[in-house]
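With the hints as constraints, model all of the structure from the sequences given.
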Amino acid sequence: NDNEKINFLEKTFTSEKGKHGIAEIKEVFEKIKHFNPKNTTIEFDLSLARGLSYYTGTIYEAIANDVKIGSILGGGRYDDLTGIFGLPNMSGVGISFGLDRTYDVLTELNLFPESALTVTTVLIIPIDGECENKAIEYATQLRRENISTEIYPDLNAKIGKKFKYADDKNIPFAIVIGSDELKNNLVSIKNMKSGEQKQLTIEELITELNNVIKSYSDFSE
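Each number in this note's numbering corresponds to the 1-based position in the sequence shown with 1 added.
None of these hints come from the bench; they were simulated from the model. Keep in mind that a hint or two might mislead.
Each computed BS3-like pair below joins lysine-lysine, with the alpha-carbon atoms no more than 30 Å apart [stated by the list, open to error]: (1) K18 x K69; (2) K163 x K215; (3) K6 x K27; (4) K184 x K199; (5) K191 x K163; (6) K18 x K6; (7) K135 x K170; (8) K135 x K34; (9) K191 x K162; (10) K27 x K12; (11) K69 x K20; (12) K215 x K191; (13) K135 x K199; (14) K6 x K34; (15) K69 x K12; (16) K184 x K194; (17) K165 x K191; (18) K194 x K163; (19) K199 x K159; (20) K170 x K199; (21) K191 x K135; (22) K32 x K6; (23) K32 x K69; (24) K184 x K162; (25) K199 x K165; (26) K184 x K163; (27) K39 x K135; (28) K159 x K194.
Estimated spans, in silico, between C-beta atoms of each pair [said to hold, decoys possible]: (29) K184 x N111: 41 to 47 Å; (30) T83 x S48: 27 to 33 Å; (31) S149 x L110: 45 to 51 Å; (32) D101 x E197: 54 to 60 Å; (33) I70 x E209: 40 to 46 Å; (34) V120 x P38: 31 to 37 Å; (35) K69 x V120: 27 to 33 Å; (36) F98 x S48: 21 to 27 Å; (37) T57 x E146: 53 to 59 Å; (38) T59 x F86: 18 to 24 Å; (39) G87 x N147: 42 to 48 Å; (40) G161 x T83: 38 to 44 Å.
By construction, the Cβ of each residue, glycine as well, lies at the ideal position given by its N, Cα and C atoms.
Structure representation (structure tokens):
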């Protein structure tokens, strides 16, 4: 354990400089206790090595629990790294995150909130080429209302595949425009979570979607 490692250091480094360094290590561990870290294990690793050309003191790495990805964060103390850039005698501590690894950890542990996975609010599904121009018009209106909107690009795909696309991308609403909707200036809206479907005018649709978005925003606050 960490106490055994520190005892080993005390027996090995008996000079005043060595004793001073060990005292600093003990102080760090004492202060860590007061942070009361939860779900975190702090390990004193004598084998850790990073950036020998510029780190001059403590170095550290962070590893995510329950995944085998390696370190996702690393850093340490440097006393004159800024001297390379024309600012000598400026000590500091720095860290860097591995963005790709952090993303992989969040994905593997399913830690992304659902809202972060949902970029699009509405998927418009034109049934045929005749309906495609109207889909473009409606998408433009929705986007002008700051309602993020996609148009499904493949007119020949089966309707089930189009709804599956909305499901897979966590798009909460699908708007279908077919010949009946085109003739009556309506859209068919489907709530992808509840399965509820109804027909609305584009103006009614915008009002309803804005109310839904506002309720999401109020809830998150």
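So, going through the hints one by one against the coordinates:
no.: 1; hint: K18 x K69; in the structure: violated (38 Å)
no.: 2; hint: K163 x K215; in the structure: holds (27 Å)
no.: 3; hint: K6 x K27; in the structure: holds (11 Å)
no.: 4; hint: K184 x K199; in the structure: holds (16 Å)
no.: 5; hint: K191 x K163; in the structure: holds (12 Å)
no.: 6; hint: K18 x K6; in the structure: holds (18 Å)
no.: 7; hint: K135 x K170; in the structure: holds (23 Å)
no.: 8; hint: K135 x K34; in the structure: violated (63 Å)
no.: 9; hint: K191 x K162; in the structure: holds (15 Å)
no.: 10; hint: K27 x K12; in the structure: holds (15 Å)
no.: 11; hint: K69 x K20; in the structure: violated (36 Å)
no.: 12; hint: K215 x K191; in the structure: holds (19 Å)
no.: 13; hint: K135 x K199; in the structure: holds (18 Å)
no.: 14; hint: K6 x K34; in the structure: holds (18 Å)
no.: 15; hint: K69 x K12; in the structure: violated (35 Å)
no.: 16; hint: K184 x K194; in the structure: holds (28 Å)
no.: 17; hint: K165 x K191; in the structure: holds (13 Å)
no.: 18; hint: K194 x K163; in the structure: holds (15 Å)
no.: 19; hint: K199 x K159; in the structure: holds (21 Å)
no.: 20; hint: K170 x K199; in the structure: holds (22 Å)
no.: 21; hint: K191 x K135; in the structure: holds (18 Å)
no.: 22; hint: K32 x K6; in the structure: holds (18 Å)
no.: 23; hint: K32 x K69; in the structure: holds (29 Å)
no.: 24; hint: K184 x K162; in the structure: holds (25 Å)
no.: 25; hint: K199 x K165; in the structure: holds (19 Å)
no.: 26; hint: K184 x K163; in the structure: holds (22 Å)
no.: 27; hint: K39 x K135; in the structure: violated (54 Å)
no.: 28; hint: K159 x K194; in the structure: holds (20 Å)
no.: 29; hint: K184 x N111: 41 to 47 Å; in the structure: holds (45 Å)
no.: 30; hint: T83 x S48: 27 to 33 Å; in the structure: holds (28 Å)
no.: 31; hint: S149 x L110: 45 to 51 Å; in the structure: violated (27 Å)
no.: 32; hint: D101 x E197: 54 to 60 Å; in the structure: violated (39 Å)
no.: 33; hint: I70 x E209: 40 to 46 Å; in the structure: holds (43 Å)
no.: 34; hint: V120 x P38: 31 to 37 Å; in the structure: holds (34 Å)
no.: 35; hint: K69 x V120: 27 to 33 Å; in the structure: holds (30 Å)
no.: 36; hint: F98 x S48: 21 to 27 Å; in the structure: holds (22 Å)
no.: 37; hint: T57 x E146: 53 to 59 Å; in the structure: holds (56 Å)
no.: 38; hint: T59 x F86: 18 to 24 Å; in the structure: holds (22 Å)
no.: 39; hint: G87 x N147: 42 to 48 Å; in the structure: holds (46 Å)
no.: 40; hint: G161 x T83: 38 to 44 Å; in the structure: violated (60 Å)
Going down the numbered hints, you'll see the structure goes against 1, 8, 11, 15, 27, 31, 32 and 40, while the others check out.
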